[in-house]
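So the sequences go chain by chain: C and B. In terms of our numbering, the first sequence opens at residue 131 and continues consecutively. In terms of our numbering, the second sequence opens at residue 24 and continues consecutively.
Don't take each hint at face value.
Calculated lysine to any residue pairs in the SDA-like style (CA-CA distance at most 20 Å, straight line) [claimed, not checked]:
| id | chain 1 | residue 1 | chain 2 | residue 2 |
| --- | --- | --- | --- | --- |
| 1 | B | 143 | B | 620 |
| 2 | B | 762 | C | 327 |
| 3 | C | 327 | B | 424 |
Don't read these hints as lab results, they were simulated from the structure.
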Amino acid sequence: MKKTIIYLSVLVTLFFTSCEKVIDINLNESEPRLVVEGAVTLGTGPFFVQLSTSGDFFTGNGIEPVSNAGGYITNSLGQTDTLINVGNGLFRTSTLQAVPNSLYTLHLNYNNQAYTASDSLPRQVLIDSINYSVSEFGNSGPQGDDEYDTHYDFHCYFKDDPNRRNYYLLSVNVNGEQVEGRRGKYYLLSDEFANGKHIAYPFFGVGANPNDTVLISLSAVGKATYDYFRTLNDALSQGGMGSTPYNPISNVSNNALGYFGTFTYDSESIIIGK
Amino acid sequence: MLFVLLTAPVFSQKKYTVSGHVTDAATGEEQIGATIYISELKTGTVTNSYGFYSITIPQGTYHLRYSYVGYQSVEKEINLTDNTVLNIELKTLETNLDEVVIKGDADDANVRSSSMGVVKMDVKKINKIPILFGEQDVLKTLTLMPGISSGGEGKGGFFVRGGNTDQNLILLDEAPVYNASHLFGFFSVFNSDALKDIQLYKEGIPAEFGGRLSSVVDVYMNDGNSKKYSISGGLGIISSRLTLEGPIVKDKGSFIVSGRRTYADLFLRLTKKDFKNNTLYFYDFNAKANYRIGKKDRIFLSGYFGRDKLGTGNFGFSWGNATGTFRWNHIFNNRLFSNTSIIYSSYDYLIKVEQQNLKISLESGINDWNIKQDFTYFFNTNNTLKFGFNIIHHTFMPGERLAEGTNSIPDIILEKKRGYESAVYLSNNQKIGTRLKLTYGFRVSMYNSIGPGTVYQYNSNGGVISETEYQSGALIKSYFEPEPRLSVSYMLNETSSVKVSYQRMAQNVHLLSTSTSDSPTDVWVPSSSIIKPETSNQVSLGYFRNFKNNTFESYVEIYYKTMRHQIDFKDGANIFLNPHIEADITFGDGRSYGMEVFVKKRLGKFTGWVGYTLSKTERLFDEINHGNWYPARQDRTHDVSIVAMYQLNKRISFSANWIYYTGDAVTMPSGSYVVNGNIVPLYTERNGYRMPDYHRLDVGMTFVSKETKKLKSSWNFSVYNVYARENAYSIYFQENPEKPGTMQAVKLYLFSIVPSVTWNFKF
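So here's chain C without its partners, still in its complex pose:
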């Protein structure tokens, strides 16, 4: 909804002939911080962790892979797996299995500092079906303004698990290209208001051509993972007239950035008819 409001207020400013101009601004430098991108996905593994550092805002100088680090991943079943450095800041597990309903914890050691992050892996939720119809929103819809003549509303149908709080990360791809969500880059849902229901998750106004392949994916994710992507959406869409900007809520300790997430995965694809 916030996005809608911003969209509408941009509309208001357009009425008043607003203009944009690239300007020079001096920004402070900050100490490089560790950035973690790690995931445990339901399946057999291996699971990967990518490490890097933060850098200068404008130039990106200082954003480098981190290879001189080590660590391991544990789960609440008592299993441990040491991370293998495969180069370029990438690390992987070798034996660890992804078991639903267990808690996974990443332990890292970098520059004599210890970092941990954990989230629990949810049970898999499967897509019942997907469908689409021509969007009523047309080009003025939430996506709007792209090169497509026709826009579609897609729905992804699935049943929520009533026994727990569930969090979902969804995505829609047209010919392999990810389409950004209404409220930011990632489509997210919590079942707070739809616990145990049959859910029809909408993707409004997605531009596509006949014969295009559209892939919709559904991941049940851990709470920390959901919170990270929810707030990453905010961080990526800030500018204009949003709220006071902030760093996404990371589950990695010791002032590190990024996330260590838990995901399940299911997808369905459909070809647009003529």
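Following the hints, put chain B in place on chain C, whose structure we already have.
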């Protein structure tokens, strides 16, 4: 103690009371704050909000001078041998502009009055100040005074001495206006055609007011011409206004109705194809009627209704306020004046999305019923007592989302919250000798949160740890706040005085806004078991001086203000449809201090003022900025306003104003990193950066056409932002299209130079 003070002066002479109303001779409008001065006694009084005055003096013969800014003074000789009612009509000065201006004693009110920090705006005078699109705006004009700073171009609200925008109590005929902005802050909801008087209190706030921390803006609507019918209005480039007023029964009752609608979208639809399916406008409607029943009673009924409408294709978005006030003035005797008001006030917004069979609506709002009883007791020449009480019943609707024709979007209905906000107060306006004046008072405010409702307690991670159900009418939580108020003025000599004031304020309704500018979708929430009342303490000291026979008035003031239980959000808070919004709130402190300098030339062909504020405003929250003090967004080190008006002759006048202020404190990134292929900005401190300084020059000219028997009209030409300064509305960052992987800063600005013309008429 109060009564000891009151009864201290002992007189043996027989005393009588002179009382009555002071009105405008042409329209019958009551004059608020007109002065009555008795030269023999070197004392006087002022009319209250209903134009009523009362003064009790010993038997004798006196000369009473009645004066009011912009009006010719009237002197009456009376031989006081009994209680006397004296109603006075004052004529405007404007019709005799070339004549010698008669100066009344009111001219030195700046120095003489005990109140400090009161900004009074003559609604007729501000019409000459140039403004965006020629659309007169009393709230925008107030921000040209020291200590009051604008929320920013295209952003609603205003800041008083470092307070937030929701800490201003904006009253329209006593009814709180919860969102005083149209079109995201481009205009205020006040149509100046319908207004009589506006006063802003920023310090030493009288005990009769309460409920907000920073200021009270008391706006009075016109009562309507009780002498004859008239139609007036204006045609502007962005809106038109029309006002109809006249007597119900001559000199006994009158009415006024006033409307305004913008039509920018109609023009834009003609010029740009893209805007075909869009709507964007607002309208306001003000109405008021009053009637005198006998000599002692008078009733008033007034209301406001305004709405913004905005739509594109299948989206519809509207918001607005509605207020209604019923008032009954009763004069118990010539020393005791009473006003009873029943007030309704509401604000809501509604968002609708319609698509074939699918209908989604999102709604939120606040709704008040309010009863207010105020007494003014004119005890003697040295003491005027005010006392009364006020009970507001609030209903908060935090949000509802309803969807029809789909099961993909669940209905969300957040629980309504109810509460009583009440207060009792007593204050006295006292003179001791000829030099010392005091206004002191005490207000006790109370907030009771009542059921039905569910109260949650949260752990530090925002998880629910307990849930308690309350029955309808059950008391959930109570807060008491004592609010002492004091202002003292001491005349050093005939032209200068020193004033000091102290106030404690409490606030029980809070505006939650995640946006850095005011938005129609901000949500009002009450104090609760988690949200404590916001409180503030402020001390001010000022030196006031008039020069050249009151041609110039000036002051220098310093102030220090502390604020407790201030509200901000934890990172990632969601205010939309969040039943656990209170878990996302964090509480902290604030402080603001500064110096204000003001010099005004009030008489002559050339008038105007210079206002300068030097200030610092900071916030301290455990969970923000690593628990260190940081500048509030409205922390403006320097804030300058220069307003100049020149009356060339009876028909032509020129005006100009120049505004400068330090750019807002904002949060910008100090680094970046990559996650999932996205460049993510890295923030290290809250509000550690500044927007570029804001400045702008506007000029205007008013030309009064030749008056005919039937028609009076004038043309107003104005140019906003004459030197086309590209003031930044916001700065955002994007990937540099020429150098992928690097970022660039983009400034968004709303206006360069904007000329406008308005035609005003009256017949």
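Checked hints:
As the CA atoms of residue 143(B) and residue 620(B) are separated by approximately 17 Å, the hinted pair is consistent with the 20 Å bound. Between residue 762(B) and residue 327(C) the CA atoms are separated by roughly 47 Å; this puts the pair beyond 20 Å, and the hint is violated. A C-alpha spacing of about 17 Å is found between residue 327(C) and residue 424(B), which places the hinted pair at or below 20 Å, so the restraint holds.
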